[in-house]
Amino acid sequence: MNLIQSITSKVPTLPLFATSESRQASGAAEVKTSTGTNTAPGTGKAENKMRMETHDLSVHYGSTMGVRNVSLPIYDKQVLALIGPSGCGKTTYLRALNRMHDLTRGARVTGSVMLDGKNIYDSEINPVIIRRRIGMVFQKPTPFPTMSIYDNVVAGLKLVGIRKRNVLDEVCERALKQAALFDEVKDRLNSPGSSLSGGQQQRLSIARALAVDPEVMLMDEPTSSLDPQSTNRIEDLIHELKKQVTIVIVTHNMQQAARVSDKTAFFYVGDLIEYGPTNSLFTKPKEKRTEEYITGQFG
Amino acid sequence: MKTLLQRNIRDRIMESLLVLSTIVVLLPLVIILVHVVINGISALNWDFFTQELGSPSRAMQGRPTGLVHTILGTVVIDFLALFLAVPIGMGAGIMLSEFPDHKLNPTLRIMNDTLNGMPAILKGLLAFVLIVKPMGTFSGLAGAVALAFVMIPIIARTTESALMSIPWSIREAGLAIGLPRWRVVLSTVMPAARFGLVTGTLIAFARAAGEAAPLLFTSFGNNYLPNHWLGMLLGPTDTLPQRLYSLAISPYSHWHSMGWAAAIVLLVFVIICFGTARYLTRKKT
Ligand SMILES: Nc1ncnc2c1ncn2[C@@H]1O[C@H](COP(=O)(O)OP(=O)(O)OP(=O)(O)O)[C@@H](O)[C@H]1O
Ligand SMILES: [Mg+2]
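Residue numbers (the numbering used here), protein chains in the order written: chain A, 61 to 359; chain B, 37 to 321.
Because the hints were derived from the structure by calculation, they are not lab data.
For clarity, every value in this text was computed on a predicted model and none was experimentally measured.
Any given hint could be a false lead.
Residues on chain A that point at chain B, a partial pick, calculated with CB under 10 Å [said to hold, decoys possible]:
1. Leu163
2. Arg168
3. Gly171
4. Ile190
5. Arg193
6. Gly195
7. Met196
8. Lys200
9. Pro203
10. Met207
11. Tyr210
12. Ala215
13. Lys246
14. Arg248
15. Leu249
Glycine included, every Cβ here is placed at the ideal spot set by N, Cα and C.
Extracted from the complex, chain A is given alone in its bound form (with noise of 0.2 Å):
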């Protein structure tokens, strides 16, 4: 554990612990496509293996350009953040990583994106596979409108048929505690999605994508629409999930990058400026922008 980390991590709270627990006895499992990342918890002494990585990733939207020949490694098990001034292509670059910009008109991909060795924008790759093992959390809060918060939170499990109600409720319960949010919804499990605070949708959907126990999990300012209370209590749950799952963190505050990860991504109008480990480039950074923008001297 690093300079900063030691100083600015908190202990996790007790009731994660034993969430993370169940949720490798409960029928969530059964969704994963490979296990290759449960192996021995605890062997954090060593630097983790790559998970995935990306070569020369550019992103056009027609002639506009999102981000251009990023080559980033992203470690198993780390947290990655990446920061920079708003429409530096911090977004873009995330959704490039689970294939999001397969919706987006005009968007175009050049590069590759590898997750274990294997390119996922391979012809052969199935996008819905690939999105079922790298999870992502939107910068707006997106509850499906008809549905309950129940079936919110299970939505990626019981779309795909599995319907079995103890399965189901285990997994509600598991993820609206890990996104913090279940002593406020837990007697109102069947109100609409739609009916809570923004900053609970925000919670909500963070629940939705840890149901399907992604082995990567995307997340695009997750919060920047929660109080201080529950923003400290999403980053718990981030130090507690890096046991088991590698994390990719859009953030615009400065300390929680600090905070959460091992790894920075300083971006600037589309291009990667700095990458390394966050305790040198927060204190020593090699860039003058880096440090610029650390510093809060623009953006």
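Could you slot chain B with the ligands onto chain A? The hints should help.
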């Protein structure tokens, strides 16, 4: 101050012009309603809903006569048409809205617009060629197919716009938890658009229910109730719009008032459809 007064007067004039044009729009509707009701209400009796029409002599001899076979035929044909049109129309609408990059999409759009603009009588001709000729007889089935051609482009268009009104982010959220495209459309987008989908379907239904032209040489018409309900599908069948037309051009005054009564039934039916559609649209917002 003078300019304020002038503006006030201008406001008043504009307002009265708008009220006037509203009256001009509403007046024909009121005249039609009043006229239809005055002329038809006397024929709306028990016999009207329980007896078949029979030959003109029935009416002239004062024997009981009615339009039960017409009402039943209309219900059977209209619902069969709806049953045929909803899957096809919605399928096309889903295609137009959800798979805009599909290579068949431009063709589909052109075909749908063409079908939408095609005169209704040509849709009757189409059903005549497709169904009546091979079957060798006019039939309710052919009428239903013709009406389905009326409904399909309307349902496709309203489905497309209802689905488009649902934010794109919902679809992305569905994909992000590993759902296939079709599952996202069926389980998240369509439920969210349900009011719009039902409204569009009702509008298509009401439009088709009022059409006489496509039925003239498909379901053709029939003065009698068939012995078996299958007879409605496989043989000539009566429908309200087409019966209204043939009663109106008949030389018998009793039949004329029955025609007005048929118009009342048709109007009530259409008004219920549009009323429900409006109610659902309001509920949505
Ligand atoms: N769908 C799109 N079509 C066209 N251009 C887009 C689209 N999405 C993003 N862009 C452009 O790509 C660039 C990068 O946008 P992106 O959303 O990745 O920025 P960001 O770093 O996430 O910003 P923020 O911090 O404000 O969320 C911007 O110039 C943006 O205008
Ligand atoms: Mg963004």
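Hint numbers contradicted by this structure: Going through the list in order, the structure violates hints 2, 3, 11, 13, 14 and 15 and respects the others.
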